[in-house]
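Engineer: Single-letter residue listing:
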Amino acid sequence: MNIHAITAIYRFEMSRWGRTIGQSIASPVISTCLYFVVFGSAIGSRIAQIDGISYGSFIVPGLIMLSVLTESISNASFGIYFPRFTGTIYEVLSAPIDYIEILLGYVGAAASKSIILGVLILATAGFFVPLEIKHPFIMFFFLVLTSVTFSLFGFIIGIWADGFEKLQIIPMLIITPLAFLGGSFYSIKMLPVFWQNVSLLNPVVYLISGFRFSFYESADVSLPLSLLMIFVFLMVCIVLVRWIFKTGYRLKS
Amino acid sequence: MSTILSIHNLNKVYASGFQALKNINLKIRKGEIFALLGPNGAGKTTLINAICGIVNPSDGKIIVDGFDIINDFRATRSLIGLVPQELSTDAFETVWNTVNFSRGLFGKAPNPAFIEQTLKQLSLWDKKNNTIRTLSGGMKRRLMIAKALSHEPRVLFLDEPTAGVDVNLRKDMWEQVRHLKNTGVTIILTTHYLEEAEEMADRIGIINKGEIIVTENKTDLMKKLGRKQLILDLKDPLGEIPAPLTKWALAFNPEKTQLIYTYDSTKDDNGIAQLLADLSSAGMTFKDIHTNQSSLEEIFIQLVKP
Numbered sequence: 001m002n003i004h005a006i007t008a009i010y011r012f013e014m015s016r017w018g019r020t021i022g023q024s025i026a027s028p029v030i031s032t033c034l035y036f037v038v039f040g041s042a043i044g045s046r047i048a049q050i051d052g053i054s055y056g057s058f059i060v061p062g063l064i065m066l067s068v069l070t071e072s073i074s075n076a077s078f079g080i081y082f083p084r085f086t087g088t089i090y091e092v093l094s095a096p097i098d099y100i101e102i103l104l105g106y107v108g109a110a111a112s113k114s115i116i117l118g119v120l121i122l123a124t125a126g127f128f129v130p131l132e133i134k135h136p137f138i139m140f141f142f143l144v145l146t147s148v149t150f151s152l153f154g155f156i157i158g159i160w161a162d163g164f165e166k167l168q169i170i171p172m173l174i175i176t177p178l179a180f181l182g183g184s185f186y187s188i189k190m191l192p193v194f195w196q197n198v199s200l201l202n203p204v205v206y207l208i209s210g211f212r213f214s215f216y217e218s219a220d221v222s223l224p225l226s227l228l229m230i231f232v233f234l235m236v237c238i239v240l241v242r243w244i245f246k247t248g249y250r251l252k253s
Numbered sequence: 254m255s256t257i258l259s260i261h262n263l264n265k266v267y268a269s270g271f272q273a274l275k276n277i278n279l280k281i282r283k284g285e286i287f288a289l290l291g292p293n294g295a296g297k298t299t300l301i302n303a304i305c306g307i308v309n310p311s312d313g314k315i316i317v318d319g320f321d322i323i324n325d326f327r328a329t330r331s332l333i334g335l336v337p338q339e340l341s342t343d344a345f346e347t348v349w350n351t352v353n354f355s356r357g358l359f360g361k362a363p364n365p366a367f368i369e370q371t372l373k374q375l376s377l378w379d380k381k382n383n384t385i386r387t388l389s390g391g392m393k394r395r396l397m398i399a400k401a402l403s404h405e406p407r408v409l410f411l412d413e414p415t416a417g418v419d420v421n422l423r424k425d426m427w428e429q430v431r432h433l434k435n436t437g438v439t440i441i442l443t444t445h446y447l448e449e450a451e452e453m454a455d456r457i458g459i460i461n462k463g464e465i466i467v468t469e470n471k472t473d474l475m476k477k478l479g480r481k482q483l484i485l486d487l488k489d490p491l492g493e494i495p496a497p498l499t500k501w502a503l504a505f506n507p508e509k510t511q512l513i514y515t516y517d518s519t520k521d522d523n524g525i526a527q528l529l530a531d532l533s534s535a536g537m538t539f540k541d542i543h544t545n546q547s548s549l550e551e552i553f554i555q556l557v558k559p
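Protein chains in written order, with this note's numbering: chain R, 1 to 253; chain Y, 254 to 559.
What the hints contain is simulated information worked out from the structure, not anything from laboratory work. Treat each hint with caution, since some may be false.
Said to hold, decoys possible - With a cut-off of at most 25 Å between alpha-carbon atoms, the simulated PhoX-like pairs for lysine-lysine come out as follows:
| no. | chain 1 | residue 1 | chain 2 | residue 2 |
| --- | --- | --- | --- | --- |
| 1 | Y | Lys380 | Y | Lys424 |
| 2 | Y | Lys488 | Y | Lys509 |
| 3 | R | Lys246 | Y | Lys393 |
| 4 | Y | Lys280 | Y | Lys471 |
| 5 | Y | Lys471 | Y | Lys558 |
| 6 | Y | Lys275 | R | Lys252 |
| 7 | Y | Lys434 | Y | Lys393 |
| 8 | Y | Lys462 | Y | Lys558 |
| 9 | Y | Lys314 | R | Lys252 |
| 10 | Y | Lys424 | R | Lys252 |
Said to hold, decoys possible - To spell it out: a stretch of chain R is covered by chain Y in this simulated footprint if at least three of its residues, at any positions, have a beta carbon under 8 Å from a beta carbon of chain Y; those stretches are:
| no. | stretch |
| --- | --- |
| 11 | 6-19 |
| 12 | 161-167 |
| 13 | 239-253 |
As the list claims (entries may be wrong) - A few chain Y residues that face chain R, going by a derived Cβ cut-off under 10 Å, partial list only:
| no. | residue |
| --- | --- |
| 14 | Asn309 |
| 15 | Gly334 |
| 16 | Ala344 |
| 17 | Phe354 |
Quick reminder that beta carbons are idealized off the backbone N, C-alpha and C, glycines included.
Take these sequences, add in the hints, and give me the full structure.
Structural biologist: Written out as structure tokens, the structure is:
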């Protein structure tokens with residue numbers, strides 16, 4: 001295992017994040033605050049409790065997941081796309097490292113950023129609404145698992161994209177709508193039965209449901225099913241990444 | 254001299270069907286400077302990239318210091334440093350950080366003293382805290398070399414290292430390359446400046462349309478393929494070559510003020526003594542007399558001309 005290489009990539013990515021700390025942290029934290037003001041206070045005060053939880057508190061896990069999903073994808077995709085765009089990827093490709101080490105560096109850094117962000121948003125939420133975490137270990141496990149899985153997915157997007165536009169397409173046109181429709185701001189039990197069934201096709205439902213369970217023991221789907229779905233998605237990403245490095249897809253000619 | 258890099262029957266066919274490398278066989282000796290020459294699109298960069306692991310070879314075998322580049326990629330890549338043709342850098346990173354990043358990437362523990370020494374040798378020490386975007390083109394080129402040297406490679410690929418570099422800096426770089434050679438590093442360089450290859454290389458390989466057409470010691474190549482000419486500056490321009498001298502296949506310069514005799518310098522009897530005697534008998538007088546050896550550039554053009 002080339003530990004020095006993993007550390008070098010990890011540090012490099014974290015220092016790039018540090019250079020754009022305003023954009024990396026302040027922006028999602030401010031957006032989350034705005035969600036609390038709009039949905040938690042302005043609209044939330046007119047919404048009855050859901051499963052015995054005030055609306056403001058109910059949306060906290062969903063808002064954290066929303067940011068963690070989008071930032072994991074954004075950080076990981078940009079992290080690998082940018083060296084491809086500038087041409088500095090030659091150094092990674094010619095270095096004595098295998099794909100697992102490359103992933104540990106890039107995906108590890110992207111996931112770390114998302115975990116830090118998730119914790120910051122959680123702390124910020126504490127200023128707006130009363131917070132209760134019934135299962136902190138499960139909460140942290142979900143946070144880590146989601147960050148890693150979606151950073152891996154972001155890494156795949158960063159390899160697939162051949163322009164900045166493509167880099168944005170999947171997060172903007174697929175992930176954000178799925179996150180909004182995945183129960184971030186409501187329980188899918190509030191939907192008509194048909195739409196409840198349709199919602200079950202949305203993988204983000206399982207993430208948010210499992211994550212919300214760790215806070216309030218309130219979930220749209222069972223915890224094991226939530227975990228199973230994330231693991232399935234993680235496996236799909238791992239298989240895709242293996243294929244990418246085996247074939248050199250968009251990395252080597 | 255032992256072999257540090259050997260390439261056997263290497264082929265590269267891109268997905269488009271274009272064959273960039275055709276059955277390349279090449280051996281590079283430990284500690285030499287090998288210049289790989291060829292016109293644009295000849296396959297120089299593809300060959301280097303295949304050795305460094307950036308391009309997947311379609312067929313063939315590449316061995317670096319006894320290790321296979323596919324099966325023992327960690328060993329081979331640790332031995333190799335690459336300075337690519339393009340100035341690909343992280344514009345917002347500092348010189349110090351980027352060179353240390355390269356060292357780490359190649360599996361070496363941090364060694365600030367070595368990085369300091371490398372930056373000093375390349376006259377970049379006073380720029381260590383500068384972001385790369387503030388460096389001039391020449392400094393960026395040297396930075397690329399510093400990055401490639403950061404993990405103390407034994408084989409260094411320089412893909413057009415002096416492209417776009419001014420004459421003084423180019424000469425400085427030649428000095429640095431010689432210094433590296435003196436420390437035992439094997440250097441493989443590609444260049445479009447043939448005087449660079451002529452000045453520095455021990456051996457020269459010429460690649461054209463994906464095929465290695467010549468691999469030779471520089472001096473042997475110049476001897477074998479180079480022409481030598483005897484040039485006689487005439488006192489008075491001549492209208493035509495006098496009849497007694499037609500057997501010598503002499504040529505005029507365009508102004509007809511010089512007589513040019515092309516001969517084979519490797520032969521003991523090159524005919525010069527007899528020619529001078531015949532010229533004297535014909536009553537011809539000269540202002541000056543000198544010889545001219547074909548440059549590598551002339552040899553190169555002769556070899557790769559379509």
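Engineer: Check whether the Cα positions of lysine 275 of chain Y and lysine 252 of chain R lie no farther apart than 25 Å.
Structural biologist: The given pair, whose Cα atoms are some 19 Å apart, holds under the 25 Å limit.
Engineer: Okay, the stretch 6-19 of chain R and chain Y, do three or more residues pass the C-beta test at under 8 Å?
Structural biologist: holds (count 8)
Engineer: Would the stated hint for alanine 344 of chain Y survive a check requiring a Cβ distance to chain R of less than 10 Å?
Structural biologist: Holds, about 8 Å.
Engineer: Against chain Y, does the stretch 161-167 of chain R show at least 3 residues with beta-carbon separation below 8 Å?
Structural biologist: violated (count 0)
Engineer: Does lysine 558 of chain Y lie within 25 Å of lysine 471 of chain Y when you go C-alpha to C-alpha?
Structural biologist: Holds: lysine 471 of chain Y and lysine 558 of chain Y sit about 20 Å apart, inside 25 Å.
Engineer: Hint asparagine 309 of chain Y vs chain R: min CB-CB distance below 10 Å?
Structural biologist: This interface hint holds because 5 Å falls under the 10 Å limit.
Engineer: Does lysine 424 of chain Y pair with lysine 252 of chain R here, judged by a C-alpha cut-off of 25 Å?
Structural biologist: 34 Å, violated
Engineer: Given the hint that lysine 246 of chain R pairs with lysine 393 of chain Y, test it: the Cα-Cα distance must not exceed 25 Å.
Structural biologist: 33 Å, violated
Engineer: Decide if the proposed pair is consistent with the structure: lysine 488 of chain Y and lysine 509 of chain Y, CA atoms, cutoff 25 Å inclusive.
Structural biologist: 11 Å, holds
Engineer: Compare the distance between the alpha carbons of lysine 314 of chain Y and lysine 252 of chain R with 25 Å, and conclude whether the hinted pair is satisfied.
Structural biologist: Given pair lysine 314 of chain Y, lysine 252 of chain R holds - Cα atoms ~18 Å apart, limit 25 Å.
Engineer: Would you mind confirming whether the straight-line C-alpha gap from lysine 280 of chain Y to lysine 471 of chain Y stays at or under 25 Å?
Structural biologist: Cα-Cα ~15 Å, so holds.
Engineer: Any CB of chain R closer than 10 Å to the CB of phenylalanine 354 of chain Y?
Structural biologist: 5 Å, holds
Consistency note: the structure conflicts with the earlier hints numbered 3, 10, 12.
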